[in-house]
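Each chain, written out:
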Amino acid sequence: MSAAAPWDAARAREIISAHLGLEGPALPILHALKKEFGYVPEAAVPQMADALNISRAEMHGVVTFYHDFNREPHGRHVLKICRAESCQSMGAEKMALDFLARLKLEWGKTTPDGSLTVEAVYCLGLCSHSPSAMYDGEPIGRVDGAMLDELAQEAKSA
Amino acid sequence: MTKIYIPRDMAAIAMGAKRVVAAVQKEAASRGINIEIIRNGSRGMLWLEPLIEVETPAGRIGYGPVKPGDVGSLFDAGFLSGGAHPLGIGKVEEHPYFARQRRVTFQRCGVIDPVSCAEYIAHGGYKGLDRAFQIGPEATIAEIAASGLRGRGGAGFPTGVKWKTVADCPADKRYVVVNADEGDSGTFADRMIMEGDPFSLIEGMTICAFAIGSDKGYVYLRSEYPVVAEIFNESLAAAKAAGVLGKNIRGSNLSFDIELRIGAGAYVCGEETSLLESLEGKRGIVRAKPPLPAHAGLFGKPTVVNNVLSMATAPMILADGGAAYHALGMDRSRGTIPLQIAGNVKYAGLCEVPFGLTLDEIVNDIGGGTLSGRPVRAVQVGGPLGAYLPVSLFDTRFDYEAYVKVDSLIGHGGLVVFDDTVDMSWMARFGMEFCAIESCGKCTPCRIGSTRGVETIDKIRAGENAAANIELLKDLCNTMKFGSLCALGGFAPYPVESALRHFPEDFQKPALEAAAE
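Those sequence lines, one after another, are chains A and B.
In terms of the numbering used here, the first sequence opens at residue 15 and continues consecutively.
In terms of the numbering used here, the second sequence opens at residue 13 and continues consecutively.
To be clear, the hints were calculated from the coordinates, so they are not data collected in a lab.
These figures come from a predicted structure and were not determined experimentally.
Heads up, a few of these hints could be off.
To be verified - For lysine-lysine, the following DSSO-like pairs were computed, each having C-alpha atoms within a straight-line distance of at most 30 Å: (1) LYS118/A x LYS471/B; (2) LYS170/A x LYS118/A; (3) LYS185/B x LYS252/B; (4) LYS108/A x LYS471/B; (5) LYS49/A x LYS252/B; (6) LYS358/B x LYS30/B; (7) LYS49/A x LYS228/B; (8) LYS454/B x LYS123/A.
Please put together the full structure from these sequences, using the hints given.
Rendered as structure tokens:
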């Protein structure tokens with residue numbers, strides 16, 4: 015996973031203004047900020063509100079509505095495990111809960127060493143190969159507990 | 013030079029296609045053999061992915077599922093000239109999986125290089141748009157109407173009527189918007205067509221733009237599909253370079269551009285008004301209708317919002333005529349439906365057939381029963397808002413109205429198979445939990461009802477006043493069904509009610525037994 019840049023107000027302003035020519039630029043801007051910084055920092059919210067000429071409250075509402083725009087940095091790696099029906103038909107729920115229990119982690123949280131964030135996802139469109147997961151953006155089909163453990167181990171060392 | 017096809021489809025990648033490509037390249041280099049690898053889409057036989065195809069004088073010969081470790085033995089077996097190997101499936105197009113299929117929307121998927129406009133045209137692409145140019149906008153809409161095509165997103169609204177409404181609405185600007193927010197579990201047809209034949213969507217949108225008088229189109233894609241984003245952006249660039257997007261398309265007066273926009277993990281944005289809000293940069297809150305998006309859609313302008321499959325089918329309808337498409341299917345469900353067979357099933361994949369197959373044919377004949385080998389107990393049709401059907405309803409024919417008759421819906425054509433280990437009260441609880449997580453919060457029945465639903469099912473599962481709480485749950489479902497603003501709260505009761513109706517025994521279990529599973 016490419017390392018996220020530390021918060022830089024000038025850089026954020028640059029990113030925001032680069033998208034202002036688009037119709038309805040808010041989501042493209044938020045995605046670009048997340049790509050740059052790894053999350054959507056609180057300080058970017060008033061900047062965006064100013065640039066888009068909407069209130070901070072409205073902007074806050076947009077950022078917090080979407081699951082993807084995490085407002086705190088993730089761990090160095092992100093593992094998304096599918097909880098949707100198809101994956102449940104192949105035992106994903108138990109597999110995921112057992113894995114979280116081994117890591118002593120809850121959904122959406124990061125391991126204490128900052129190596130791995132584990133998130134629930136509701137369908138990756140890999141329902142032909144349930145259970146499925148995604149590790150740093152790479153899709154994985156027919157995942158099992160041992161494969162999840164390996165990924166957690168891999169996350170620690172990189 | 014031998015042509016080798018290795019899919020770039022996300023499911024193939026999830027099963028190791030990238031490593032297989034690397035292994036084939038390495039093996040070919042070490043043996044001094046010249047090959048050309050084409051990253052095609054998937055043929056839909058997903059249980060065989062990664063499926064390698066080799067072009068031979070006899071046709072394309074397939075091998076799958078291939079692991080990187082199999083590559084050496086494939087070369088040893090002479091697979092480059094179609095040699096025999098335990099993973100060989102023979103001529104791909106003669107595989108029995110295709111025997112009962114009728115590929116219309118997916119005719120090129122898996123066959124061609126998805127990002128090559130020239131290959132798309134060589135395989136019949138842009139015949140539809142050229143014909144639209146010949147017959148004019150009104151006749152183009154008439155062809156779509158004559159085909160009987162209905163919205164493949166799930167609502168089943170006649171596409172021709174929608175296009176005509178937008179075309180007839182006076183405006184200085186109109187938009188074409190494609191809903192690629194394919195969030196339903198068990199569905200992956202939009203993903204596959206955009207990865208395997210993106211030009212069919214680009215051409216379909218261009219036909220729509222010509223028909224309604226639009227110069228701007230958006231595709232709203234869910235963020236869970238990064239491979240689609242990559243491939244679709246490459247195809248958009250290729251389309252512009254080839255002059256099939258941009259100014260004066262194919263020498264006509266039509267100017268039209270398409271922009272890909274990425275969602276942000278909100279299931280509700282698959283609802284068309286919520287999607288429009290999101291495109292405008294707002295929270296994905298559902299709008300009250302009227303006004304319809306056809307009258308006041310994106311930025312208040314008349315807007316066609318169509319599912320990927322509906323739009324990607326338009327080129328074939330224009331090329332072959334609406335009557336040819338209408339000749340397929342049954343009753344008011346005309347044409348074909350790309351079924352997505354998934355979950356606990358032996359032959360998971362995408363199978364495009366005319367409407368009208370029974371659930372038994374789909375699950376047992378095509379899907380081959382469960383992967384676990386245990387008996388099938390339930391099939392959820394139409395995503396997380398679809399009903400669970402028991403084996404006793406396996407004679408139901410795949411058709412919009414036939415499913416409504418059994419208090420169900422076909423949705424986007426996805427089917428998730430469960431074996432007899434499934435706990436249906438848990439699945440009902442999950443249905444409510446999912447609705448609570450994804451509710452946009454605008455209307456009370458959905459926002460509060462889903463949370464109360466989870467709590468009530470928890471009580472039932474714990475054996476607490478079960479009979480009274482089951483009645484309460486039914487009442488709650490009724491309120492959500494008729495009191496919610498959109499399909500999320502309005503359809504979330506389908507899985508719950510169907511579980512209660514068809515699998516009542518799962519709601520009678522003592523708590524300890526349920527927990528011990």
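Evaluation of the provided hints:
At most 30 Å may separate the alpha-carbon atoms for a hinted pair to count; LYS118/A and LYS471/B meet this at roughly 27 Å. A distance of roughly 15 Å separates the Cα atoms of LYS170/A and LYS118/A; the hinted pair therefore holds under the 30 Å criterion. A distance of roughly 22 Å separates the Cα atoms of LYS185/B and LYS252/B; the hinted pair therefore holds under the 30 Å criterion. In summary, the hint linking LYS108/A to LYS471/B is supported, as the alpha carbons are separated by about 21 Å, within the 30 Å threshold.
Distance hint between LYS49/A and LYS252/B is fulfilled; the C-alpha atoms sit about 27 Å from each other, no more than 30 Å. The straight-line distance between the Cα atoms of LYS358/B and LYS30/B is roughly 24 Å, inside the 30 Å bound, and the hint therefore holds. Taken as a hint, the LYS49/A and LYS228/B pair is honoured in the structure, with Cα atoms around 27 Å apart against an allowance of 30 Å. A threshold of 30 Å between alpha carbons decides the hint, and for LYS454/B with LYS123/A the separation of about 28 Å falls inside it, so the pair holds.
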